[in-house]
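**Q** Those protein sequence lines, which keep their order, are chains B and P. Going by this note's numbering, the letters in the first sequence line up with residues 4 to 258, in that order. Going by this note's numbering, the letters in the second sequence line up with residues 16 to 435, in that order.
Honestly, the hints are just simulated from the structure, not real lab data. Each hint should be verified, as a subset may be incorrect.
Stated by the list, open to error - In the BS3-like style, the derived pairs of lysine-lysine whose C-alpha atoms are separated by at most 25 Å in a straight line are:
hint, chain 1, residue 1, chain 2, residue 2
1, B, K154, B, K177
2, B, K80, B, K154
3, B, K73, B, K58
4, B, K73, B, K109
5, P, K183, B, K229
6, P, K158, P, K168
7, P, K158, P, K175
8, B, K115, P, K168
9, P, K175, B, K115
10, B, K109, P, K183
11, P, K168, B, K109
12, B, K51, B, K229
13, P, K91, B, K258
14, B, K51, B, K80
15, B, K109, B, K258
16, P, K91, B, K115
Please read these numbers as outputs of a predicted model, since none were measured by experiment.
Single-letter residue listing:
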Amino acid sequence: MTFMRWQKRSVAMFLGLALLSLAPMSHAAEDQHTRETVERVARLFSSKSSIATVKMEISNEDGQRNLSMKIWSLGEKVLVRISSPQDEAGTAILKLGSDIWYYLPKSNRTVKIPASMAMTSWMGSDFTIDDLVKETFLTRDYSISTFFEGKRGGVAVEEYTLTPKPEAAVVWGKIILQIRQADAVPTWQGFYDEGGQLVRELTFSEYKPMSGRLIPTRLVMRAADKAGAQTTIEYEDVAFDVPISPGTFSLPDLK
Amino acid sequence: MMSERLLQLAWRNLWRNPRRTFITMAAIAFGYTMLLFVACLMAGLRWQMIENGTCLVMSQVQVHAPGYYPNRSIQKTLGGRQGTDVGAMLATITADRRIYAAAPRVYGYGLLSAAHRSAGVELMGVVPDEEPRITILNGQMAKGNYLTARMPKGVVIGDKLASTIGIKVSSEIVLLTQAADGSMGNDIYTVAGIFHSGLDAVDRGLVLMSLSSLQELLHLAPARIHEVGIKLNDITAATTVAAGLQVQLDKTLPVRAMAWPELAPELASYVQFNRGITFVLFFIFFLLAVIGVMNTMLMAVFERTRELGMLMALGMRPIQVIVLILTEAAGLTVASLIVGGALSVPLLWYLQVHGLDLGGATGEVISLAGVVVGHLWYGRQDFPAYIEAALGLAATTLVSALYPAWRAAHFRPTEAIRQV
Numbered sequence: 004m005t006f007m008r009w010q011k012r013s014v015a016m017f018l019g020l021a022l023l024s025l026a027p028m029s030h031a032a033e034d035q036h037t038r039e040t041v042e043r044v045a046r047l048f049s050s051k052s053s054i055a056t057v058k059m060e061i062s063n064e065d066g067q068r069n070l071s072m073k074i075w076s077l078g079e080k081v082l083v084r085i086s087s088p089q090d091e092a093g094t095a096i097l098k099l100g101s102d103i104w105y106y107l108p109k110s111n112r113t114v115k116i117p118a119s120m121a122m123t124s125w126m127g128s129d130f131t132i133d134d135l136v137k138e139t140f141l142t143r144d145y146s147i148s149t150f151f152e153g154k155r156g157g158v159a160v161e162e163y164t165l166t167p168k169p170e171a172a173v174v175w176g177k178i179i180l181q182i183r184q185a186d187a188v189p190t191w192q193g194f195y196d197e198g199g200q201l202v203r204e205l206t207f208s209e210y211k212p213m214s215g216r217l218i219p220t221r222l223v224m225r226a227a228d229k230a231g232a233q234t235t236i237e238y239e240d241v242a243f244d245v246p247i248s249p250g251t252f253s254l255p256d257l258k
Numbered sequence: 016m017m018s019e020r021l022l023q024l025a026w027r028n029l030w031r032n033p034r035r036t037f038i039t040m041a042a043i044a045f046g047y048t049m050l051l052f053v054a055c056l057m058a059g060l061r062w063q064m065i066e067n068g069t070c071l072v073m074s075q076v077q078v079h080a081p082g083y084y085p086n087r088s089i090q091k092t093l094g095g096r097q098g099t100d101v102g103a104m105l106a107t108i109t110a111d112r113r114i115y116a117a118a119p120r121v122y123g124y125g126l127l128s129a130a131h132r133s134a135g136v137e138l139m140g141v142v143p144d145e146e147p148r149i150t151i152l153n154g155q156m157a158k159g160n161y162l163t164a165r166m167p168k169g170v171v172i173g174d175k176l177a178s179t180i181g182i183k184v185s186s187e188i189v190l191l192t193q194a195a196d197g198s199m200g201n202d203i204y205t206v207a208g209i210f211h212s213g214l215d216a217v218d219r220g221l222v223l224m225s226l227s228s229l230q231e232l233l234h235l236a237p238a239r240i241h242e243v244g245i246k247l248n249d250i251t252a253a254t255t256v257a258a259g260l261q262v263q264l265d266k267t268l269p270v271r272a273m274a275w276p277e278l279a280p281e282l283a284s285y286v287q288f289n290r291g292i293t294f295v296l297f298f299i300f301f302l303l304a305v306i307g308v309m310n311t312m313l314m315a316v317f318e319r320t321r322e323l324g325m326l327m328a329l330g331m332r333p334i335q336v337i338v339l340i341l342t343e344a345a346g347l348t349v350a351s352l353i354v355g356g357a358l359s360v361p362l363l364w365y366l367q368v369h370g371l372d373l374g375g376a377t378g379e380v381i382s383l384a385g386v387v388v389g390h391l392w393y394g395r396q397d398f399p400a401y402i403e404a405a406l407g408l409a410a411t412t413l414v415s416a417l418y419p420a421w422r423a424a425h426f427r428p429t430e431a432i433r434q435v
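All chains, full assembly: derive it from the sequences and hints.
**A** In structure tokens:
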């Protein structure tokens, strides 16, 4: 029952990427331990609401860009607002249901983003708009199996292979999730295409207690086809299950 | 001396029965006219396809930074991140006398948004005063005006895009794009005009704006352009000119010069296809001509059995009979081709000047292989094809005359002279 509530209320938050929202495990095919571990990882980032302060560092051949932003989430609603650099401050993304809106302070306009654009790079980073605001139901869309259990770099880890279910509308051919055995925090996540090629990888580090949970506060995303380019996200502060007024997510107030 | 007498004999024979000769001549002359008609229309279609396909937005030769085409990565500007002296580059290009005009361009992809509707579009930045020298979109305005230097924030869009988004001339739109530095480039623009090119992809997805505005939106310095579009004096020289530019420009900075067959392979293969069809039509026509001419020649030979038998009885050898008949056929063909060619002149002139009206009163635009052809189908003189047609017809008539000549050579004079 608790799981059912999760599916409806689980929060898609920035750092979660595909990790955030777990639907209930529907089949007993996956063994108890696998299921529980992946669920525990998902629960790390799940909450009814959250407020996070995040720094993003985008580095590629064009140089480096730093962004600061604040992310609010409540149920399925997500609001991201950029606070620096100066000339982009105020830019906001609002996700209401399946619609995504952009607020552009320079033009003082609110623009609806078509679904096709949600898969393109966000602000020149290695993340997409979808990564930012879309929730993915890992256990609904993927079958999970243990794939490795042992030591990587002297740390006891478990690795899970997530293969999309036939009916799932997902872009990845498979996802590999690596979890630190001692405290079940994610350490690494690899996204593969249908040909089994690594497309991008996400590395987690800097585990800190935030709002009573031990979460990775540093995430590094690298695209396999862009050598030398990477995007780092650092959580400066996260508050889970804090009261947020639904008015925060109002479209007219996006300005 | 022998051949001279044969020639004389052949000529006299041709006019011995003028009606028969005229009928044969009419058939060949008419055939030749038909071939010229087809060749002229096909050449016109090819030319129109190439002209319209290249002049709408593409241009005939393009110069990019290596690796820019076809992915059009915003970073890959000519001369790299520093850009290049655009004026100097244009001067170098237009110094070539085969080049009619050249204009700089910048491209981007973005989201066009108005009120509550938006669409993904291709952004093309051009110099308002220079672009019309190489492309013709300025002549396709359905409403409003083309870009002008006086209205830097003006954009020109296609009619299909306008109706999808629900915008009119002087509507305000927002363009949102990923700028070169990764930031969200966005600004407000005004729709200056709406064009109708007849080409769906262009009418639905192209936003034309001034070069400097697009550079500003994309956070590109004025020295950074993606492309130089070039119009040639003679489009058939495109590949040669591109190769020359490649060598010439590569001396100062790495470039990639491409001619239209490389930029629009579907257009190039259409042209090949068109040539193939013309050849097949010619071939079928020649086959039909063989049968027709052979029939006429055969009849002519049988009609003259007595006469030919007489000649042979007087000492003409079979080989001479064959030569005589072939000479007659050759003379007939040459005369027919001259007549046919002369009769074709006004027809071909009409096709080139007035064209065939395909759309009729509706004036509907016809597009083919992704290119707008227009409702008027103009002809175009294709002299190599005319010569091919003449040689082909001459060969055809001679081949057709071989069998009748061979038959004639085997007449038995004693029997032949008794025939009435």
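**Q** Confirm or reject each hint.
**A** Right, here's what the structure says about each hint:
no.: 1; hint: B:K154 x B:K177; result: holds (22 Å)
no.: 2; hint: B:K80 x B:K154; result: violated (39 Å)
no.: 3; hint: B:K73 x B:K58; result: holds (9 Å)
no.: 4; hint: B:K73 x B:K109; result: holds (19 Å)
no.: 5; hint: P:K183 x B:K229; result: violated (42 Å)
no.: 6; hint: P:K158 x P:K168; result: holds (17 Å)
no.: 7; hint: P:K158 x P:K175; result: holds (13 Å)
no.: 8; hint: B:K115 x P:K168; result: holds (22 Å)
no.: 9; hint: P:K175 x B:K115; result: holds (20 Å)
no.: 10; hint: B:K109 x P:K183; result: holds (23 Å)
no.: 11; hint: P:K168 x B:K109; result: holds (15 Å)
no.: 12; hint: B:K51 x B:K229; result: violated (36 Å)
no.: 13; hint: P:K91 x B:K258; result: violated (35 Å)
no.: 14; hint: B:K51 x B:K80; result: holds (10 Å)
no.: 15; hint: B:K109 x B:K258; result: holds (11 Å)
no.: 16; hint: P:K91 x B:K115; result: violated (29 Å)
In this structure, the hints that do not hold are numbers 2, 5, 12, 13, 16, in rising order.
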